[in-house]
Amino acid sequence: TQLLEQSPQFLSIQEGENLTVYCNSSSVFSSLQWYRQEPGEGPVLLVTVVTGGEVKKLKRLTFQFGDARKDSSLHITAAQPGDTGLYLCAGASRGAQKLVFGQGTRLTINP
Amino acid sequence: EPEVTQTPSHQVTQMGQEVILRCVPISNHLYFYWYRQILGQKVEFLVSFYNNEISEKSEIFDDQFSVERPDGSNFTLKIRSTKLEDSAMYFCASSRQGRGNQPQHFGDGTRLSIL
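Just so you know, the sequences run in chain order A and B.
Residue 6 in this note's numbering sits at position 6 of the first sequence, and the numbers go up by one each step.
Count along the second sequence from 1, then add 111; that gives the number in this note's numbering.
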């Protein structure tokens, strides 16, 4: 059974600080997708990483896929209250269509 | 921007009743999915559907569940005889292709409450 573990599960920091969220597994994934989910809504895709070592940037968000394609990280620089939300990582295996989700990191940015 | 739409947003049903959840995937997408999220737990894969057939399903997707694409736009999930433990958010998703590196786009979900 493939599992994705996210850490931390909860994070509350002040506006302007930097933070990193981790998504780890003992399994290899062909890709990892990061989503953000607001209360009462479905997950909204932020980015997909597919190559080991790949780094993608989305404004103040930096996503990295581990060299062995077993882990990923999301780094936010100068966090803002608008970054508050639930961040989910989800992995796909070669030949499979399903996504395996982590349990999520609930991020709160205090003004 | 095109989006996946789901109806109803909230469904309350008596235990043992049948329920049908509806989804309209993004129009040029070919692969369709159902996931569920029990309160406080992870999002879990139920089933994927392509070319009018189930292409992959999880252990959760037992004989009580079925999926159908009754026309060119709708994709439905039917639960034949609901149980209390079926209470969850059900998300529909779609993707243009079925490879794992293709992004899946999610609807806002149907909250199913079984009484």
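Hints were generated in silico from the structure; no laboratory data involved.
One should not assume that every hint holds.
Claimed, not checked - Below are the DSSO-like pairs computed for lysine-lysine, each with C-alpha atoms no more than 27 Å apart in a straight line: (1) A:Lys57 x B:Lys153; (2) B:Lys168 x A:Lys70; (3) B:Lys168 x B:Lys153; (4) B:Lys153 x A:Lys56.
Stated by the list, open to error - Covered stretches of chain A, as calculated for chain B (at least 3 residues, CB under 8 Å): (5) 35-47; (6) 93-99.
Predicted model, so just to flag it, every value in this text is computed and none were measured.
All C-beta atoms, glycine included, are put in the ideal place defined by N, C-alpha and C.
Each hint, compared with the structure:
Straight-line distance between C-alpha atoms of A:Lys57 and B:Lys153 comes to about 26 Å, which keeps the hinted pair within the 27 Å bound. Distance restraint check for B:Lys168 and A:Lys70: the Cα-Cα separation of roughly 23 Å lies within the 27 Å cut-off, and the hinted pair is therefore satisfied. Between B:Lys168 and B:Lys153 the CA atoms are separated by roughly 17 Å; this keeps the pair inside 27 Å, and the hint holds. Taken as a hint, the B:Lys153 and A:Lys56 pair is honoured in the structure, with Cα atoms around 25 Å apart against an allowance of 27 Å.
Requiring three or more residues with a Cβ within less than 8 Å of a Cβ of chain B, the coverage given for the segment 35-47 of chain A holds, as 7 such residues are present. For the segment 93-99 of chain A, the stated coverage by chain B is satisfied: 7 residues place a CB nearer than 8 Å to a CB of that chain, which reaches the threshold of 3.
Against the hints set out earlier in the document, no violation occurs for any number.
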